[in-house]
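Heads up, the first sequence is in the working numbering, so the first residue is 8 and it goes up one at a time.
To be clear, the hints were calculated from the coordinates, so they are not data collected in a lab.
There could be a bad hint or two in this list.
[Claimed, not checked] The calculated DSS-like cross-link candidates involving lysine-lysine, where the alpha carbons are at most 25 Å apart (straight line), are: (1) K276 to K408; (2) K644 to K290; (3) K289 to K203; (4) K98 to K158; (5) K644 to K546; (6) K419 to K158; (7) K408 to K294; (8) K252 to K602; (9) K139 to K149.
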Amino acid sequence: MITITLPDSTQKQYEVGVTPLQVAKDISEGLARNVLAAKVNGLVVDALRPLTRDTELQLLTWNDTEGKATMWHSSAHLMAEAIELLYPGVKFGIGPDIEQGFYYDIDFGDYDISSDDFDKIEKKILELARQKQHYLRKEVSKNEALDYFTKKGDEYKIELINDLEDGQISFYESGSFTDLCRGPHLPDTGFIKAVKLTSIAGAYWRGDEKRKQLTRIYGITFPKKKELTEYLELLEEAKKRDHRKLGKELELFMFSQTVGAGLPMWLPKGAELRERLEQFLKKVQRKAGYKQVITPHIGNVNLYKTSGHYQKYGEDSFRPITTPQEGEEYFLKPMNCPHHCEIYKNKPHSYKDLPMRIAEFGTVYRYEQSGELHGLTRVRSFTQDDAHIFCTPDQVKDEFKGVMDIVMKIFKALDFEDFITQISLRDPNNPDKYIGSEENWQKAEQAIIEVAEERNLNAVIEYGEAAFYGPKMDFMVRDALGRKWQLGTIQVDYNLPERFELEYNGSDNQKHRPVMIHRAPFGSMERFVAVLIEHCAGKFPLWLTPDQVSILPISEKYQKYAEKVLSLLEINEIRAQIDDRSEKMGRKIRDAEMKRIPYMLIVGEKEEAENIVSVRKQGEGDMGSFALEAFVDHFNKEINEMLEV
RNA sequence: GCCGAUGUAGCUCAGUUGGCCAGAGCAGCUGAUUUGUAAUCAGCUGGCCGGGGGUUCGAAUCCCUCCAUCGGCUCCA
């Protein structure tokens with residue numbers, strides 16, 4: 008007999024060889040019908056895997072991330088089976104589950120395949136799913152495994168097997184399809200009730216640009232039809248929030264083929280919005296002891312030779328600009344740091360001057376491959392809300408704290424609640440990869456972790472993700488489709504101070520190397536605004552939005568009064584306009600609602616007589632009458648609450 | 001850069017297997033209407049059918065090529 012301990016700490020006795028599924032059945036039939044996999048002593052396994060020892064058991068269902076993952080992984084196998092039946096002779100690469108569904112990389116050989124074939128494949132998948140094929144696990148030796156796929160003629164699997172240790176290889180067989188796989192899998196395919204193949208794309212074998220490109224088919228499955236419908240609705244909703252669509256509709260920015268791909272141009276409403284963001288940050292930074300600087304958009308090739316960027320990225324960057332007479336080479340600046348290092352060197356520094364914090368909204372240019380360009384999130388010209396802090400190693404912690412406060416202020420003012428903090432540290436197995444002294448790394452890594460803890464940030468720590476020149480902390484936000492985007496970043500740098508030979512005089516009257524901290528709370532104005540648009544679906548916070556108030560006179564008889572209202576708002580620095588078209592009220596309201604103008608002030612006979620306005624809030628409806636001053640107070644209060652930091 | 005898809009008016013989209021002067025709605029313009037909480041009516045303007053080349057008596061439609069966009073891959077200082 009063995010003892011099974013469930014998450015609520017109840018314990019039960021079973022015969023050796025009992026499966027998690029049997030344990031589930033014992034609890035209730037309903038639960039058993041929903042068990043997708045099981046976590047056994049922390050390891051996810053098949054629900055049909057016999058248990059041989061005392062076990063802490065957690066039954067996994069669709070509500071668990073691992074349950075979903077199991078479902079999707081099994082779905083990848085099922086799709087492979089369907090495809091193999093429809094297209095005999097195709098070869099398979101890998102087919103894992105991903106955050107939203109699964110994919111399989113397939114070499115289709117001579118078959119011509121496109122999304123037109125999805126229908127056929129989906130039907131086949133559902134047909135096979137209904138057969139409730141069992142997923143059978145089989146331990147095999149390396150030789151057996153190689154033998155199987157040699158006979159089958161699948162060189163990709165053979166390559167994978169060759170990288171595996173003998174004795175740790177398992178196959179899973181479901182229906183007519185056998186795959187090399189670690190598992191776990193569903194008990195049977197019957198759990199898969201709805202399927203949607205979402206896209207088709209090329210993907211290099213093992214992610215290597217030089218190797219063969221396979222066809223990757225993405226899909227997602229659900230245990231209920233209804234969940235698929237909901238998922239599709241969510242995708243529709245996400246499409247509506249797409250910043251490229253909203254940016255066009257709200258006239259925030261544009262692209263021109265003639266100007267060039269990936270080169271955004273900000274339209275008046277977008278430019279003003281961006282300017283407000285910049286002003287907001289500048290104000291916060293001024294209080295935090297930053298000084299603004301301005302540097303040119305190009306720099307001499309020697310600047311980048313000193314910084315080391317030329318050696319590393321010179322070939323991949325835009326071609327240099329050459330002066331006609333002297334033949335000097337200049338590069339469009341891909342970052343602002345080298346310029347800022349030169350500013351630091353402009354005069355000698357004492358430890359008493361530090362930290363020195365210099366900030367710049369610096370526009371940089373980077374060559375991105377054409378296929379990589381994406382709306383405002385991936386462009387070839389963008390403006391970083393950059394700043395560099397030069398400080399002593401002992402000041403790193405306080406400076407980190409200061410930067411994090413700025414990031415938090417911004418997130419609050421813009422209503423970003425759902426963000427992810429990632430701390431990137433050294434790879435402990437590879438200490439030689441990094442520049443800078445052990446002592447300084449220790450100090451900085453420790454400081455970052457402590458600051459994150461003190462601020463209750465719940466940060467994810469990634470070992471080995473640090474740059475060779477220093478540890479960092481990134482802030483990521485999800486966009487409408489759930490994709491993660493890196494926004495703010497704080498980065499410690501031991502490299503550039505070295506390369507630029509930056510120094511300060513310590514209290515011991517010796518020369519010391521300062522530490523440099525790069526930081527950009529927005530990341531870049533372009534990417535930030537893009538994520539912001541999707542985050543708020545175009546309904547910007549009141550303080551930021553282009554048009555805050557639309558005054559809607561009922562007819563032209565009230566134009567005079569509307570103008571009076573407008574001038575009062577303007578005196579109070581409220582961005583307002585009058586909709587004086589000869590349209591009906593319903594029309595004016597509809598248009599203002601569509602343009603996401605937060606407040607509509609309706610003025611007619613009654614309002615003029617009593618010196619009031621009828622207020623309507625976007626998305627919320629009629630708020631009743633306000634005296635003019637009362638509305639201004641209400642309005643300002645709302646803004647101050649957001650910006651109060 | 002690679003794989004796949006797409007490209008028709010400012011926007012959203014129709015345009016069967018190639019065949020009459022390329023269509024609609026919205027936006028815009030003109031006029032009428034002077035309006036009370038999500039679309040007033042009428043008329044009009046507007047398209048080198050992404051660019052170039054080819055096949056054909058004839059191309060938005062078929063082929064080639066380039067460009068851009070979209071979904072991925074690779075990349076991302």
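Can the restraint linking K289 and K203 be considered satisfied, given a maximum Cα separation of 25 Å? 47 Å, violated
Would the pair K644 and K290 pass a check requiring their Cα atoms to be no farther apart than 25 Å?
-> 20 Å, holds
Restraint check for K276 with K408, where alpha carbons must lie at most 25 Å apart:
Violated. K276 to K408 sits at ~34 Å, over the 25 Å cutoff.
Exercise for the section: Given the hint that K644 pairs with K546, test it: the Cα-Cα distance must not exceed 25 Å. Expected result: 18 Å, holds
Notebook entry, point to check: Given the hinted pair K98 and K158, is their alpha-carbon gap at most 25 Å?
Noted result: It holds: about 12 Å lies between the C-alpha atoms, which stays within 25 Å.
task = Given the hint that K139 pairs with K149, test it: the Cα-Cα distance must not exceed 25 Å.
result = 29 Å, violated
Under the criterion that the straight-line Cα-Cα distance not exceed 25 Å, is the pair K419, K158 satisfied? Status violated; Cα separation ~61 Å.
>> Run the distance test for K252 versus K602: straight-line Cα separation, threshold 25 Å.
In response: The hint holds at about 13 Å.
- prompt: Given the hint that K408 pairs with K294, does the C-alpha gap stay at or below 25 Å?
  reply: 14 Å, holds
When each numbered hint is compared with the structure, violations occur for hints 1, 3, 6 and 9.
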